[in-house]
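Novice: Listed here are the chains, written in short residue letters.
2 protein chains.
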Amino acid sequence: MKKIINNPADVVSEMLSGMTKAYPQILTPIPKTAAVIRSDQASMVNKVGLVSGGGSGHEPAHAGFVGKGMLTGAVCGQIFTSPTPDQIYEVIKAADQGRGVFLVIKNYSGDVMNFEMAKDMAEMDGIKVDSVIVDDDIAVENSMYTQGRRGVAGTILVHKVLGAAAQAGTSLPEISQLAQEILPNIKTVAVALSAATNPETGKPGFELKNDEIEYGVGIHSEPGYRREKIKSSQALVTELVSKIDQEIHFDSQKQYAVLVNGLGATPLMEQYIFSNDLINNLAQKQIRPVWMKVGNYMTSIDMAGISLTVFELQAKQWLEYLNEPVETIGW
Amino acid sequence: MKKIINNPADVVSEMLSGMTKAYPQILTPIPKTAAVIRSDQASMVNKVGLVSGGGSGHEPAHAGFVGKGMLTGAVCGQIFTSPTPDQIYEVIKAADQGRGVFLVIKNYSGDVMNFEMAKDMAEMDGIKVDSVIVDDDIAVENSMYTQGRRGVAGTILVHKVLGAAAQAGTSLPEISQLAQEILPNIKTVAVALSAATNPETGKPGFELKNDEIEYGVGIHSEPGYRREKIKSSQALVTELVSKIDQEIHFDSQKQYAVLVNGLGATPLMEQYIFSNDLINNLAQKQIRPVWMKVGNYMTSIDMAGISLTVFELQAKQWLEYLNEPVETIGW
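In order, the protein sequence lines correspond to chains A and B. Under my numbering, think of the first position of the first sequence as 3, with each following residue one higher. Under my numbering, think of the first position of the second sequence as 3, with each following residue one higher.
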């Protein structure tokens with residue numbers, strides 16, 4: 003393991019310290035937690051708080067999406083480990099401005115359990131809390147840490163849409179309804195070229211041969227659905243688009259937003275080449291995405307690979323929410 | 003070599019196609035070139051054009067910094083290869099709105115020669131052209147492709163400051179003077195944990211042992227100044243800060259902007275840990291950077307490593323220019 007770290011046990015606290023000290027105008031640490039709140043939180047008076055989080059190792063997710071127009075706060079667990087209920091509770095308290103708090107939870111058993119416990123704690127304090135469980139990864143049903151489907155890069159689009167809605171003053175029940183409306187329209191699938199190496203263990207999460215790839219790997223190195231020899235970018239796009247098509251049923255009369263997400267160690271060069279093949283592939287279906295973003299948003303430490311997220315835009319406002327400007331580190 | 007590509011010979015054209023098709027609202031291809039111009043170029047009437055470019059493999063540089071408030075246009079050579087004079091000339095023509103064009107050139111012999119030739123061609127057409135040669139890398143004097151010092155990540159800060167000035171309507175002579183003023187105050191040094199693998203050759207640019215790092219490596223795998231065993235992030239920071247200090251002579255009475263730049267395959271987690279150590283190190287010198295940015299801005303394909311750029315802010319306006327909002331892919 004060759005990494006720019008100090009003591010592996012301090013990775014998360016030092017990382018978070020670096021983020022908040024480098025960007026004090028955007029992020030403020032919540033004392034005695036591994037959590038952050040928007041530095042302009044005072045401007046959110048009478049608005050719903052939007053909170054997310056999860057294990058670390060997915061940077062810039064989720065703290066990198068805290069800021070004006072996106073998340074109100076985020077809480078970071080240890081690497082690939084759910085944050086504890088008491089820490090989640092502290093963020094909910096910090097994010098509440100009297101209009102309630104909405105939680106965006108990725109579908110991992112630990113996250114779901116701990117966020118639900120924190121929600122109960124906050125409700126006992128009289129804070130209104132509602133939540134959505136994001137399960138956008140279509141690769142597999144059930145997984146190492148998940149019942150049902152996993153939550154991956156599509157979560158970032160949930161942050162963006164709900165964040166714009168919260169910023170606009172939308173009420174908690176309306177945000178909850180919006181979340182339920184967009185969720186079934188966001189689907190993701192990934193391909194990995196190499197595994198992530200967790201600095202705490204020093205070992206890669208799985209092994210791939212020099213010429214091997216795996217489709218459908220999760221962001222905590224959960225197994226995917228097929229291994230095979232590395233293929234051209236065009237062939238990878240064909241595989242991932244066909245997998246998404248089975249769920250989303252591409253239709254040239256409909257509008258789509260697309261997120262091409264690097265998993266940590268894949269250079270932008272490859273992400274843009276993949277994007278080019280993707281756009282060409284969709285063009286053959288008479289589809290031209292109306293919104294697109296390419297880069298590292300939901301990573302898995304130093305995994306090489308790409309995920310593809312497609313979001314069917316059933317309402318004009320969803321696209322407007324995607325396009326609203328934000329002030330965050332990572333968007 | 004395990005990469006998401008098609009034919010290695012097509013890497014640059016496909017990458018550029020992906021960038022421009024994914025972000026048509028920001029980038030427009032210049033026909034028959036590997037170059038791009040701002041999609042809102044029409045709004046730059048009566049303003050100076052700002053043009054940069056160089057070999058590919060440094061994404062998001064330079065095309066990712068084209069857009070409102072930064073570059074007017076950028077031209078992409080083949081990987082680690084200077085763009086040709088005729089292509090640079092085409093961008094200059096496209097960027098000119100009657101007030102002239104300013105070129106930001108990184109100090110590599112091929113770039114310097116070809117940009118100067120393009121400048122001559124444009125001047126014969128009556129276009130006023132001026133330029134600056136960026137040589138911010140303090141690691142070594144003279145190198146594989148450079149007389150003097152190399153131009154690296156500090157170039158992005160030059161783009162930002164001059165881009166804000168150009169957007170504000172600053173004249174060509176004033177932009178030229180500003181460039182000459184900021185240049186001696188921008189210094190960079192890097193550490194590499196692994197080499198970049200050029201997809202055209204399929205081989206890494208150099209070899210490092212599993213526990214070895216190299217200080218001062220260039221962004222085209224040019225040799226640095228020392229190899230040694232991997233150290234803690236704190237120790238890497240100490241080395242790079244001390245190297246910068248020899249040039250910039252840190253002074254707690256002065257103001258500094260800092261860019262922590264990932265070289266392509268280094269996850270944000272490590273960049274934030276490095277940033278935390280950097281901020282702590284500078285705090286011991288009673289220095290708190292007034293501006294900071296962390297991420298992948300001037301990469302070397304899939305090289306693992308980090309560069310540190312320090313910019314001594316001798317004028318309040320330089321900081322204002324850094325803070326001006328932009329509309330680009332990469333900033």
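You may find that some hints are simply not true.
Copies of one chain are not kept apart here, so a pair can be met inside one copy or by any two copies together.
[To be verified] Restricting the straight-line Cα-Cα distance to at most 27 Å, the calculated cross-link-like pairs of lysine-lysine (DSSO-like) are: (1) K211 to K34; (2) K205 to K231; (3) K318 to K34; (4) K287 to K4; (5) K23 to K256; (6) K34 to K205; (7) K23 to K233; (8) K130 to K70; (9) K318 to K23; (10) K95 to K211; (11) K287 to K256; (12) K95 to K233; (13) K318 to K95; (14) K233 to K318; (15) K70 to K205; (16) K23 to K287; (17) K205 to K233; (18) K211 to K130.
Treat the hints as calculated values from the structure; they're not laboratory data.
Novice: For this structure, which hints from the list above don't hold up?
Specialist: 1, 3, 4, 6, 10, 12, 13, 14, 15 and 18
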